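Below, each chain spelled out in residue letters.
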Amino acid sequence: MNNEEPDIFALYELMFYSRRFEEMVQELWDKGKIFGEMHMSLGEEAINAGVISHLVEGDAIALDHRGTSPLIMRGINPKKLLLELLGHPNGLCRGNGGHMHLFSKEHLVASSGIVGASGPAAVGFALASKYKKKQNIAIAFFGEGAANQSMMLSSLNLASAWNLPVLFVCKDNDVSITTPSKEVTGGNLTERAKSFGINGIELNGLDVEFVWQKCASIIDNMRKTMSPFFIVAKCIHKEGHLLGDSILRAQRSTIKESIERTGPLLKSLTRLKGASILKRGASIAKIMSLITKIGDQLKKRNDPLVLAKNKLKKNNEKLELIESKVNNQIETLIFDVMKTIEGDE
Amino acid sequence: MNNEEPDIFALYELMFYSRRFEEMVQELWDKGKIFGEMHMSLGEEAINAGVISHLVEGDAIALDHRGTSPLIMRGINPKKLLLELLGHPNGLCRGNGGHMHLFSKEHLVASSGIVGASGPAAVGFALASKYKKKQNIAIAFFGEGAANQSMMLSSLNLASAWNLPVLFVCKDNDVSITTPSKEVTGGNLTERAKSFGINGIELNGLDVEFVWQKCASIIDNMRKTMSPFFIVAKCIHKEGHLLGDSILRAQRSTIKESIERTGPLLKSLTRLKGASILKRGASIAKIMSLITKIGDQLKKRNDPLVLAKNKLKKNNEKLELIESKVNNQIETLIFDVMKTIEGDE
Amino acid sequence: MKKMSFDQAIESVIQQEMINDKNIIVMGEDVHTIRLNLFIQFGKERVISTPICEDAFLGAAVTAAMAGLRPIVEIMLVDFIGVAMDAILNHAAKVNFFSGNKWDVPLVIRSACGGGYGDGGQHEQSLWGWLAHIPGISVVVPSNPSDAGNLMLSAIQMNSPVIFLEHKLLSDLWLDSMAYGGRTTVNFDVPSAGKYSEVPTKWEDLLVGQLNVVKEGIDITLVSVGVGVHRCLEAAEILKDKNISCEILDLRWISPLDSSNIIRSVKKTGKIIVVDEDYKQFGLSGEISAILLENHVNFKYGRICTEGTIPFSRKLEDQVLPSAKKIVEKVVLMFEE
Amino acid sequence: MKKMSFDQAIESVIQQEMINDKNIIVMGEDVHTIRLNLFIQFGKERVISTPICEDAFLGAAVTAAMAGLRPIVEIMLVDFIGVAMDAILNHAAKVNFFSGNKWDVPLVIRSACGGGYGDGGQHEQSLWGWLAHIPGISVVVPSNPSDAGNLMLSAIQMNSPVIFLEHKLLSDLWLDSMAYGGRTTVNFDVPSAGKYSEVPTKWEDLLVGQLNVVKEGIDITLVSVGVGVHRCLEAAEILKDKNISCEILDLRWISPLDSSNIIRSVKKTGKIIVVDEDYKQFGLSGEISAILLENHVNFKYGRICTEGTIPFSRKLEDQVLPSAKKIVEKVVLMFEE
Ligand SMILES: Cc1ncc(C[n+]2csc(CCOP(=O)(O)OP(=O)(O)O)c2C)c(N)n1
Ligand SMILES: Cc1ncc(C[n+]2csc(CCOP(=O)(O)OP(=O)(O)O)c2C)c(N)n1
Ligand SMILES: [Mg+2]
Ligand SMILES: [Mg+2]
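Chains as they are written, first to last, in my numbering: chain A, 340 to 684; chain B, 340 to 684; chain C, 302 to 638; chain D, 302 to 638.
So here's chain A without its partners, still in its complex pose (with noise of 0.2 Å):
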């Protein structure tokens, strides 16, 4: 598998069906449709595609709360999937998991909203795989600020220590809902991976190429060695932490809500006790940063799917016709979703 070459089209078409689902389910979500949190995958689908696309039957798949694109990556029917999110009886875990506790036993696909639960779950996906004696390995996907809960760090052990086909896929954006990992992380990642005895790479996840490419040896050796492997993939989420992100709505807000907003901070900025104002001055300047931060980042060209789709510009039929093949079966889907939904009403 080494030596072959992406179909760039194809994960292309992956990363499209997943945007193009996501953006139905957040139009859903904003039509109420859908209740409680909502993660989403947009602007990490480069990671999902790239190393989704090497797994074969038998490999399992540990997620974390951002489980839409990769289990759509991974196959499992989308109708299904997005009857799940509604709360639907015929959705994928009958309407009792919801979005992140979503369960595939035929894929052995399972979910946490666990920070960091992750990543023993990989190592329990892997540990019955070499047990069995099978060429499978396991996937742990998780944030950077997973990659200091606790029990992902001894995960890391567990799979050193054991040597089992777990690869570790740190989806790094900087941040975990409003904090910067840097302030929180000492150390570095792959660093940390190579002092249990793991290797790691750093990788640039938002070219889908590229996370393909080195996905391609790292995983074909993993099933020779059947040992494990560290990925950090940078990557940016254009949602924020999830749909409705507060931070996310204080960038696009309007100047009005805006002065709503800073209502209350400029209050604790002058209640009489507390810090200096000089202190107070450096915190609120810390926020605001962050703000323009976040909005920062999330700038088109970090966007994986534009990124990929530049590179497929020269064939631009193909890519047309992708875009709207997959344009149609989404439309079919919400289609067919609304007909059940409404059938029961």
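Errors might be hidden in some of the hints.
[Claimed, not checked] Straight-line alpha carbon distances no greater than 25 Å define the calculated DSS-like cross-link-like pairs of lysine-lysine that follow:
hint, chain 1, residue 1, chain 2, residue 2
1, D, 403, C, 601
2, B, 471, C, 345
3, D, 403, A, 471
4, C, 616, C, 568
5, C, 569, D, 616
6, B, 469, C, 568
7, C, 345, B, 563
8, B, 469, C, 345
9, A, 469, D, 345
10, B, 370, D, 616
Simulated from the structure, these hints should not be mistaken for lab results.
In this text the structure is predicted, and so the values were computed from the model without any measurement.
Guided by the hints, dock chains B, C and D with the ligands onto chain A, whose structure is given.
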């Protein structure tokens, strides 16, 4: 403090006192005056003395299950400590805590029987110190087995990310209960610390002079920079994991006993179904080598007290004086404690 | 009288106490934005954002408290407390006892809890009765802004660990960030008086373990906490029309439990229904029945609790969580028996 | 009839089942020595010693079970389960439900529990009632070798997570390694029939959730588990002389609880005392009272439980743990009322 020479007689006295105290504890345990588990520090005195003799008022210690010797060296009233181990109402913790749960508020010393808990505990002590703008440090004592505990790993991250004066002291005796730690540990411990952004070194923990000297500059520097440091110090445990250690019992047992012990072993060797006979042989070999290995470790030349004493032989008179002084103290102590106890009965 | 939201009330007390006592710090994930005002007013030394490692930072907070600080630690959702359970079960709850009662752990653990907005079973648990099983900690669950403020004051001033649980349906902050997110297309059954209502002009340290008789009545006692109290109030309105007079007790403290006032009420009414959003088995509802029996009260007993893992689907969720409708039905049934 | 020790019985079943089903593995700290016979018979691929990281290896065991293995995971002492609580609370217990009941987690968690040998409050907890609060898991506590073997068989054959708790006073292995250690100078109140007694010639998969009527009686029902059952038996002997006939129920399963047989017994005797070594509040003892009340049983109720953190001192410890003496006193008192 950097250039100071260690007072090796004082260090020896600390170690010798601790040794004699614990030997007394061992006797009381053998006699059934102390109940439950009892983990000794016999064999790690050089580490304890080499670290603790640098501490000043306001420094804190987080202990694991081997707290007796560190507490003695830190200056906790030995009578109160002994009464506590005996479960007496006048004990350090009124008989509530017992040997794995020893606390002294005035000395800022906390224990935990939960392996790995001393990591976060030391982080909290150090946080308080830094918050209060003191120059006090906090020590986390733990074993190399605990170095794989999840919360211990992330406490490295916390100490680094928050830049807190925690001295992580890993007492490495190669084994946790009966598990050779190498077999369950990926990578290397000082490398781990470094990958979290914490400087670390490996030490020969049997040589008190050496430990003292290294710690002199390490701790001195920590007070200046108020940042963390990591030490792995090799040591042994003369009485195995705990008093009555079954592996040591096997090692020490007479022929009759060892037949009793190998009886069931042979049975499982020849049971019909299961792994191949070859594999079973390998398993037995593993256990046998474990028994031998643990026994081997405990040879005299690995005893930190013997090592220190050899260095002091040039001044035999002083040495004898110290030893007889300590012996007297211990005798007085045990007499006093026994009187207290009998007084109740 | 002054009105405040549930969140504001809590923040206002913490702000006041942080001015009074320099040893109070706030710790948790994202507290620099979640507690933005406190962060700006007191700076990053006192409002400390943590990495995501609940076991380690809660463990650290225990010893920080032992060393003289008074940490208010946030575990975002109480569901995540499993990660930090050892620090609670074996450390926070036991240090004082182990030390021969010589060493205090003045620690407040703040968590959002509860369901009713479609987040699924790993994000909507209540767990208060579960936590209260552990001796050595207190558990408090306010149901309105006034109590929230007063009880936070009590929690902060206690010298032992307190777990302070805030129901998400009462909290603007959590509900806005987790469920509404700027959209106006969803609606949840938010009890308005629990979310925003009158507060005292001066916060007062409420007696530890004292329940609140929200409504006096003579026919039956309804016992609850948090959002459940409002469900009981709603049910009581409906039951009034059926000539059933409910007495409603808002426990506020799960642990210590106000046994004597529960006993007093049930001795009067002879009937009790416990309305508990936490899991039914081995929890609050059972404990209350045991206490009444131990005290030789004669009574009819019922309970409305969450019986299994909470489903994601809003429809299913509404079926499993306690509701006014369920309360009315159960009460009526009890009177028919 | 054949006799076995408590430990041997469990090991014998595990050995038998490991031969029958290659998917069964044993995982935990030091299992290569603690389960020496299994290690030698089945090798290191099937008897896997772990690093000390309960959260990670129990989390891994959950997905290993989902992927077709049937792990028996050892958490040495149940006290340490706090470290691994998230894996139980949010994963093992919930996966089946979350997956729409499509994915099973056949997992046995084995832990030693209980006190009475002087190890202190972080090492002698019982916690069964606490664990049973979580929907989605079963909790089982055998009181003798025969049950231990049979119940381990049931646990192994279930397709959902089971926590299997072994009281240290019944277990040669734990008592020898933690308390005796080769010395003959200490003695603990070990119930001999619980430690070593008759076992069936063929292990039988006991009905899940079925209690055992250890002794029939007509005047009062004593309900307990584990070592508590033997304390009840001892008390019943003494009470016989006072003309009080005790019925003794050994629950065996804390969850699911055998409500109907508890109800049946208390309907007969009209009196119940729950003897529970776990903490009193918000646990097993309360749950039993609630179930009886919900089922309109008329009865007198009492409980003898551990009320706070267990002290290290043997003298103090004996005062806080349930004992035959306490049971006798409580029963007598109930008859005098
Ligand atoms: C144990 C636990 N703690 C906290 C949370 C709340 N939480 C959900 S997502 C998240 C941030 C995760 O950051 P990261 O791992 O970088 O992933 P990202 O969201 O950036 O993809 C947090 C703190 C949680 N779900 N679980
Ligand atoms: C969380 C937890 N898991 C397991 C144990 C049981 N236990 C006590 S000491 C120990 C071994 C610790 O090994 P190490 O850290 O190397 O310290 P050593 O005993 O060798 O000094 C274990 C597993 C425990 N006390 N706590
Ligand atoms: Mg992130
Ligand atoms: Mg060790």
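Structure-based check of each hint:
The suggested pairing of residue 403(D) with residue 601(C) is violated, with an alpha-carbon distance near 40 Å, which exceeds 25 Å. Note on residue 471(B) and residue 345(C): the hinted pairing holds, with a Cα-Cα distance of about 14 Å set against a maximum of 25 Å. The suggested pairing of residue 403(D) with residue 471(A) holds, with an alpha-carbon distance near 22 Å, which does not exceed 25 Å. About 38 Å separates the Cα atoms of residue 616(C) and residue 568(C), which puts this hinted pair outside 25 Å; it is violated.
The hinted pair formed by residue 569(C) and residue 616(D) fails the criterion: a straight-line CA distance of about 42 Å is larger than 25 Å. With a C-alpha separation of about 55 Å, the suggested pair residue 469(B) and residue 568(C) falls outside the 25 Å cut-off, and the hint is violated. Between the alpha carbons of residue 345(C) and residue 563(B) the distance comes to roughly 22 Å, so the proposed pair stays at or under 25 Å and holds. With a C-alpha separation of about 13 Å, the suggested pair residue 469(B) and residue 345(C) falls inside the 25 Å cut-off, and the hint holds.
Straight-line distance between C-alpha atoms of residue 469(A) and residue 345(D) comes to about 13 Å, which keeps the hinted pair within the 25 Å bound. Proposed proximity of residue 370(B) and residue 616(D) is supported: the alpha carbons are some 17 Å apart, at most 25 Å.
The structure fails to meet hints 1, 4, 5, 6 from the earlier list, while all remaining hints are met.
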